[in-house]
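Note that my numbering has the sequence shown beginning at 1, numbered continuously upward.
Just so you know, the hints here were simulated from the structure itself, not pulled from any lab data.
Heads up, the beta-carbon is just placed ideally off N, CA and C, and yes, glycines get one too.
Some hints could be false.
[As the list claims (entries may be wrong)] Quick list of simulated restraints, FRET-style, between CB atoms:
#  : residue 1 : residue 2 : range
1  : R283      : L169      : 21 to 27 Å
2  : Q119      : G170      : 47 to 53 Å
3  : G170      : W197      : 23 to 29 Å
4  : A136      : T211      : 24 to 30 Å
5  : T198      : K337      : 45 to 51 Å
6  : E199      : T126      : 18 to 24 Å
7  : K296      : G352      : 16 to 22 Å
8  : S282      : G352      : 22 to 28 Å
9  : G352      : E168      : 35 to 41 Å
10 : N309      : R89       : 38 to 44 Å
[Claimed, not checked] For lysine-lysine, the following BS3-like pairs were computed, each having C-alpha atoms within a straight-line distance of at most 27 Å:
#  : residue 1 : residue 2
11 : K266      : K285
12 : K296      : K337
13 : K299      : K266
14 : K296      : K285
15 : K285      : K299
16 : K266      : K296
17 : K337      : K299
18 : K285      : K337
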Amino acid sequence: MQQSTYTWLLIFALAIGATLLGCAPREAAEALPPPQNAAGNATESRSVPGSSPTPSAPSSVALSPTPQKTPTPMRTATPVGTPTPVAQRLRGPQSVQPSPRYQPLPLTRDSTLDNRIRQQLGTRITSYGVVVKRLADGRGTVINPDQEFYAASVYKLFVMFEVFKQRELGLLSFDEVLTVTPPYQEFQIGDLRWPLWTEVSIRNLLEAMVTESDNVAAMMLYDKTGGRNMAQELTSIGLTHTDVNTDRLPTSAGDVAILLEMIARKQAINAAASQEMIDLLSRQKIDGGLLTLLPKETKVAHKTGSWDNASHDVGVVYAPSGAYVIAMLSDRAGELKPIAELSRLVYDYFAGTRQDPPGNLGGASRTLTPTPVRQSTPTPAPRR
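Let the sequences and hints guide you as you build the complete structure.
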């Protein structure tokens with residue numbers, strides 16, 4: 001009886017203990033850290049709604065490590081050396097006050113001279129623009145003076161004029177140096193006169209551009225003065241068929257003759273600047289047109305220009321009979337010989353007539369003594 005009582009008490013106690021264990025709070029279990037994988041990273045069990053839960057893997061089974069992303073190798077830094085100079089084109093002044101319109105000497109047409117030139121040109125006359133004017137009396141003639149031609153290197157005459165003008169205004173100095181950069185290299189035909197990054201004075205650039213028709217020098221001076229300024233100046237003084245801001249690069253014999261007359265009459269900028277330009281043009285090393293058949297002592301201040309569609313020579317001839325402006329432009333290639341023959345025709349004609357006041361075309365011709373002529377091989381002018 002006593003042993004039975006002890007047995008029931010033991011069963012009762014075990015039952016109470018089991019009950020108490022079943023009612024224990026769950027916070028302790030939920031506070032356990034999440035299971036760790038083999039790499040020590042926490043894992044999370046997720047179940048799809050409506051599906052049976054996936055049985056947990058036994059704790060003794062090792063989990064596969066999560067693949068690690070291969071790190072991207074760092075780019076090796078390039079050693080810093082001497083920086084290459086930045087190649088930039090020159091910039092001209094924002095604005096330059098244009099000169100007033102020029103009033104050239106009135107032309108007194110000489111019909112005899114006109115007829116002789118026309119006969120000499122023959123069927124080529126439509127391919128030519130010609131202006132001849134003697135400065136003492138305006139005597140001369142014009143043929144197709146407003147016909148536009150590709151200027152070729154004759155445009156360097158306009159660049160020269162603008163450089164002298166901006167010097168007079170204090171916008172540049174002939175002693176100022178400019179750097180030859182790669183953008184200008186593309187304009188060179190033949191060997192580059194100056195190595196890249198060479199510093200060249202404006203004075204030397206001007207000399208090379210005019211006397212040897214250097215294209216690099218021309219483009220550097222064009223940019224230095226500003227094409228827009230140049231175009232405005234040329235239009236202002238009366239050159240209405242010339243445009244230096246287009247690839248067509250048009251000009252006319254009439255326009256070129258106006259600028260040459262300004263220079264020859266010492267009215268381009270001022271007398272001193274005009275004389276400097278005359279001297280510069282007189283040092284031209286490229287003959288083959290105006291100068292070739294003239295007496296060798298004749299002074300000619302001129303500028304040539306040649307291209308596939310252009311043969312030009314324009315200038316001032318200082319003949320014993322008096323100085324005269326002569327501009328001969330052609331849209332044909334290889335026309336330097338006809339230009340040389342026309343130049344001699346004009347020289348001989350003026351030599352046989354006296355200088356008369358405008359309006360009086362009288363005067364008897366005189367017999368000419370043959371004069372030794374220059375014996376030189378015509379040299380093609382550099383192309384633009």
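Straight-line alpha-carbon gap K296 to K337, limit 27 Å: 17 Å, holds
Could you check the hint for me, namely that Q119 and G170 are 47 to 53 Å apart, CB to CB? 51 Å, holds
Taking the CB of S282 and the CB of G352, does the distance hold inside 22 to 28 Å? 25 Å, holds
Given the hint that K337 pairs with K299, does the C-alpha gap stay at or below 27 Å? 19 Å, holds
Confirm or reject the claim that E199 and T126 have a C-beta distance inside 18 to 24 Å. 47 Å, violated
For a C-alpha distance cap of 27 Å, please report whether K266 and K296 respect it. 25 Å, holds
Range hint compliance [Cβ, N309 to R89, 38 to 44 Å]: For N309 and R89 the Cβ distance comes to about 27 Å; the hint is violated.
The hint says 23 to 29 Å between G170 and W197; measuring C-beta to C-beta, is that right? 28 Å, holds
Against the range 21 to 27 Å, how does the distance between the Cβ atoms of R283 and L169 compare: consistent or not? Given range 21 to 27 Å: holds, Cβ gap about 25 Å.
Straight-line Cα separation of K296 and K285 no greater than 27 Å? It holds: about 14 Å lies between the C-alpha atoms, which stays within 27 Å.
Take the C-alpha atoms of K299 and K266, compute the straight-line distance between them, and say whether it is at most 27 Å. 17 Å, holds
State, for the Cβ atoms of A136 and T211, whether the hinted interval 24 to 30 Å holds or is violated. At 28 Å between Cβs, range holds.
The earlier numbered hints that this structure contradicts are 5, 6, 10.
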